[in-house]
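Chains as they are written, first to last, in the working numbering: chain A, 47 to 469; chain B, 47 to 469.
For the record, the hints were derived by calculation from the structure and aren't laboratory data. Heads up, some of the hints might be wrong.
Because identical chains cannot be distinguished in the list, a pair is counted as satisfied if it fits within a single copy or across any two copies.
What the hints assert, rightly or not - With a Cα cut of at most 25 angstroms, we get these calculated SDA-like pairs of lysine to any residue: (1) K435 with S308; (2) K167 with R125; (3) K435 with D235; (4) K116 with S56; (5) K209 with S56; (6) K324 with E424; (7) K49 with S124; (8) K297 with G277; (9) K278 with L315; (10) K324 with K397; (11) K396 with R74; (12) K436 with R208; (13) K109 with S465; (14) K109 with K204; (15) K435 with L309; (16) K251 with D439; (17) K65 with G168; (18) K234 with G438; (19) K467 with L347; (20) K397 with D146; (21) K396 with R214; (22) K167 with E89; (23) K278 with G438; (24) K324 with S120; (25) K167 with L62; (26) K204 with Q71.
There are 2 protein chains.
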Amino acid sequence: MKKLNTSPISGMQELLPEKQAIFNQMKRQIEEVYRLHGFLNIETPMIDRTEILFAKAGGETEKQIYRVYKTGESAEESREALRFDHTVPLARYVTEHETDLAFPFRVSQIGRNFRGERAQKGRFREFYQCDIDVVSRNSLPIEYDVDVILTLFEALEKILPRKRKLVRISNRKILSGFLEELNLQEVKDEIFSIIDHAEKVLPEKTRENLESLNIGEERVAQVLAFINLSGKREAVLAALRGFGFENETFKEGLEELDRVFSLLESQGLEKSIILDMKIIRGLDYYTGTVFETILPDFPKLGSVCSGGRYENLAELYSEQKFPGAGGSIGLTRLFSVLDDSGILPESEVKKPVDLAIIPVSASEVDYCFGLSEELREEGKNVDLVLADKKLGDKLKYASKIAASAIVIGPDEVASGNYSIKTF
Amino acid sequence: MKKLNTSPISGMQELLPEKQAIFNQMKRQIEEVYRLHGFLNIETPMIDRTEILFAKAGGETEKQIYRVYKTGESAEESREALRFDHTVPLARYVTEHETDLAFPFRVSQIGRNFRGERAQKGRFREFYQCDIDVVSRNSLPIEYDVDVILTLFEALEKILPRKRKLVRISNRKILSGFLEELNLQEVKDEIFSIIDHAEKVLPEKTRENLESLNIGEERVAQVLAFINLSGKREAVLAALRGFGFENETFKEGLEELDRVFSLLESQGLEKSIILDMKIIRGLDYYTGTVFETILPDFPKLGSVCSGGRYENLAELYSEQKFPGAGGSIGLTRLFSVLDDSGILPESEVKKPVDLAIIPVSASEVDYCFGLSEELREEGKNVDLVLADKKLGDKLKYASKIAASAIVIGPDEVASGNYSIKTF
Numbered sequence: 047m048k049k050l051n052t053s054p055i056s057g058m059q060e061l062l063p064e065k066q067a068i069f070n071q072m073k074r075q076i077e078e079v080y081r082l083h084g085f086l087n088i089e090t091p092m093i094d095r096t097e098i099l100f101a102k103a104g105g106e107t108e109k110q111i112y113r114v115y116k117t118g119e120s121a122e123e124s125r126e127a128l129r130f131d132h133t134v135p136l137a138r139y140v141t142e143h144e145t146d147l148a149f150p151f152r153v154s155q156i157g158r159n160f161r162g163e164r165a166q167k168g169r170f171r172e173f174y175q176c177d178i179d180v181v182s183r184n185s186l187p188i189e190y191d192v193d194v195i196l197t198l199f200e201a202l203e204k205i206l207p208r209k210r211k212l213v214r215i216s217n218r219k220i221l222s223g224f225l226e227e228l229n230l231q232e233v234k235d236e237i238f239s240i241i242d243h244a245e246k247v248l249p250e251k252t253r254e255n256l257e258s259l260n261i262g263e264e265r266v267a268q269v270l271a272f273i274n275l276s277g278k279r280e281a282v283l284a285a286l287r288g289f290g291f292e293n294e295t296f297k298e299g300l301e302e303l304d305r306v307f308s309l310l311e312s313q314g315l316e317k318s319i320i321l322d323m324k325i326i327r328g329l330d331y332y333t334g335t336v337f338e339t340i341l342p343d344f345p346k347l348g349s350v351c352s353g354g355r356y357e358n359l360a361e362l363y364s365e366q367k368f369p370g371a372g373g374s375i376g377l378t379r380l381f382s383v384l385d386d387s388g389i390l391p392e393s394e395v396k397k398p399v400d401l402a403i404i405p406v407s408a409s410e411v412d413y414c415f416g417l418s419e420e421l422r423e424e425g426k427n428v429d430l431v432l433a434d435k436k437l438g439d440k441l442k443y444a445s446k447i448a449a450s451a452i453v454i455g456p457d458e459v460a461s462g463n464y465s466i467k468t469f
Numbered sequence: 047m048k049k050l051n052t053s054p055i056s057g058m059q060e061l062l063p064e065k066q067a068i069f070n071q072m073k074r075q076i077e078e079v080y081r082l083h084g085f086l087n088i089e090t091p092m093i094d095r096t097e098i099l100f101a102k103a104g105g106e107t108e109k110q111i112y113r114v115y116k117t118g119e120s121a122e123e124s125r126e127a128l129r130f131d132h133t134v135p136l137a138r139y140v141t142e143h144e145t146d147l148a149f150p151f152r153v154s155q156i157g158r159n160f161r162g163e164r165a166q167k168g169r170f171r172e173f174y175q176c177d178i179d180v181v182s183r184n185s186l187p188i189e190y191d192v193d194v195i196l197t198l199f200e201a202l203e204k205i206l207p208r209k210r211k212l213v214r215i216s217n218r219k220i221l222s223g224f225l226e227e228l229n230l231q232e233v234k235d236e237i238f239s240i241i242d243h244a245e246k247v248l249p250e251k252t253r254e255n256l257e258s259l260n261i262g263e264e265r266v267a268q269v270l271a272f273i274n275l276s277g278k279r280e281a282v283l284a285a286l287r288g289f290g291f292e293n294e295t296f297k298e299g300l301e302e303l304d305r306v307f308s309l310l311e312s313q314g315l316e317k318s319i320i321l322d323m324k325i326i327r328g329l330d331y332y333t334g335t336v337f338e339t340i341l342p343d344f345p346k347l348g349s350v351c352s353g354g355r356y357e358n359l360a361e362l363y364s365e366q367k368f369p370g371a372g373g374s375i376g377l378t379r380l381f382s383v384l385d386d387s388g389i390l391p392e393s394e395v396k397k398p399v400d401l402a403i404i405p406v407s408a409s410e411v412d413y414c415f416g417l418s419e420e421l422r423e424e425g426k427n428v429d430l431v432l433a434d435k436k437l438g439d440k441l442k443y444a445s446k447i448a449a450s451a452i453v454i455g456p457d458e459v460a461s462g463n464y465s466i467k468t469f
């Protein structure tokens, strides 16, 4: 009988040990891929200054920031809040520790972030993100965008083998140049936002949204034609070049996208990448390459991994220009949807514990402590079952959590011989 | 030039990548020992209901709890706060998931907790704790106390090899029975608190504190004699038995302590354990065995690992009795003091990255992506140096972060042969 409501707060993921083991396994696999790709792990505090966190946040994100204050202190005077992503603390970190870091700084961050989202299925208030970034000073070659995408793709391959993945890629310079060419800079933010929402609404709604900007029928048609471009490299690039625009930003975007795509193709990803002009990544700070990854067989999952290129990571904190490329796997959400769909990866271990060692009575406990240690030194994980239960109950417990069991009674202690019972 | 203060909030640990790697290594080693000892890992949300968190907290802890609220919401209406330890969320977890768990539930929790401590050296507001607990229903044999101490000791051996460790052990039943026998139950909390502080003040101050309770000179002397008992099992137990008390709680405590000590001795810990009546573990919820671990060569470190036995983990949340034994390594504080003292463990890897692969120009990038993947499949971690720097600068960067480097120019691409430069 419970005396209090003991469920976790809504929007929090709390797993039973078996599921937690699978979650941890996926996290370890991601960590290992990041490590093999030379990314150095760091951790930043989960609580940071509001002036740091609010400097970048805006709109929806700002409303979702959890502020913190100590019991007995004034909430209004608090200048502290919970981080809502890894990028803002990274910008602070790079600014703070610039002189101690080697650039380009290849960095990974894996941990929980917090957003006070409205409670709904698949939305988490506390969620793991697994980020990588390459941050440099002044300039960073376009090839790092490929490096980041390849690393993230490999991590997804590791945690979701045999599941189709599709990386949808664009470059924001193309859209920016396109809007400059059409003289639409004044409504640039609005158009970015309309495109960003285009997949969540009916096509007619997108047209209506564009028409409401009063930009004339011809330009509405051009923007619609633009955002519907998606497919293989040659076809989409040819269509984009077909606009005949001489705008420098537009042409730079095309060149970058071509280079990124060629390299990804030659690394064996040609069947897993698509050029898609609908990819914008919201009103985020991206300035060039942007990408999202979907699992085509599980459309309701949405993007499981996204990122892009930003020209100036820490512009709000530092005079120094830090361009970078990065991306993130949203592990909590991914895990949750896979779980709901019944397609979680299998655990590498069949049972949480390899061996349960069961002393028949308290007299054999001492011997069993020693035996457990010996077996652990062989690399086995061992649960010593000391509970004051009947032997049958101990074996029942052992069968639940262990792959096999060893029962130790006076004979076994005397002879040093024992048999292993496999469940 | 910074535009804002970008230092982390005081009381937060933020490490450079090299130090973070050592921290992560220690954390992994602890995780591995816990795993080998059959503890199942779980994670609980960092944000929980105030009614859960405040149900147990009291005194200093309560004042240190960080409350959270969403931007734009009323701070007063918020019913959410950050967890301040792993034990309270575990009590909620066990109550909530009771029917899905196998008991005795061997559980590990490794993660950050939060306390709004006053900022001072060695006090952290956000800190890793590495907990293990064995929780059962109705009863749990005393031998699990040994199991927990052995596991924690082995974890400390792993992260701090070749450093002397001393586990100071007591049993709160002895002091409770002792106070009953002396008719001091009315000032029990005060005496527990005085003993708990006895090592932070001069001996005269402890005497004064006891005298201020107006319990008579004789009883002051008896309590002082009691708390100064420490040493080997036989000597201390003989002295305690010498009091000649027939109190049941007192005798039960002696028996338990004797059993715990005997088992630890026979597992090879006799030189690493001491019976010490000053060990109380504050006004915590412990009811039997209590222990703290110190590194005698580093006295200023204080206790690096502590825990004990509790008879009723979730008494505030459930009608079900959940007795348990548990303990925790305070990793953030331990790491910080080791670091300040210049005695951090060495990193298992000399350089963060095994290999840096350096294409001479953009033409070799494609080849280098493929080569990097090949080497990663051999288990090497590889940083692909794509920066648009001169070759000399690329090598300088590589020498900082990598153990060796491979430079790839047109000849290497043509021949498929390359040489490895070791730094």
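Tested hints:
no. : hint           : verdict
1   : K435 with S308 : between (66 angstroms within a copy, 23 angstroms between copies)
2   : K167 with R125 : between (31 angstroms within a copy, 21 angstroms between copies)
3   : K435 with D235 : neither (68 angstroms within a copy, 35 angstroms between copies)
4   : K116 with S56  : both (23 angstroms within a copy, 14 angstroms between copies)
5   : K209 with S56  : neither (30 angstroms within a copy, 45 angstroms between copies)
6   : K324 with E424 : neither (54 angstroms within a copy, 38 angstroms between copies)
7   : K49 with S124  : between (33 angstroms within a copy, 21 angstroms between copies)
8   : K297 with G277 : within (19 angstroms within a copy, 80 angstroms between copies)
9   : K278 with L315 : within (12 angstroms within a copy, 67 angstroms between copies)
10  : K324 with K397 : neither (45 angstroms within a copy, 42 angstroms between copies)
11  : K396 with R74  : both (17 angstroms within a copy, 22 angstroms between copies)
12  : K436 with R208 : neither (46 angstroms within a copy, 41 angstroms between copies)
13  : K109 with S465 : neither (62 angstroms within a copy, 55 angstroms between copies)
14  : K109 with K204 : neither (35 angstroms within a copy, 45 angstroms between copies)
15  : K435 with L309 : between (63 angstroms within a copy, 20 angstroms between copies)
16  : K251 with D439 : neither (63 angstroms within a copy, 53 angstroms between copies)
17  : K65 with G168  : within (17 angstroms within a copy, 36 angstroms between copies)
18  : K234 with G438 : neither (72 angstroms within a copy, 43 angstroms between copies)
19  : K467 with L347 : neither (43 angstroms within a copy, 45 angstroms between copies)
20  : K397 with D146 : between (45 angstroms within a copy, 15 angstroms between copies)
21  : K396 with R214 : neither (36 angstroms within a copy, 39 angstroms between copies)
22  : K167 with E89  : between (29 angstroms within a copy, 20 angstroms between copies)
23  : K278 with G438 : neither (64 angstroms within a copy, 39 angstroms between copies)
24  : K324 with S120 : neither (45 angstroms within a copy, 38 angstroms between copies)
25  : K167 with L62  : within (19 angstroms within a copy, 37 angstroms between copies)
26  : K204 with Q71  : both (11 angstroms within a copy, 22 angstroms between copies)
Of the hints listed earlier, those the structure fails to meet are numbers 3, 5, 6, 10, 12, 13, 14, 16, 18, 19, 21, 23 and 24, in rising order.
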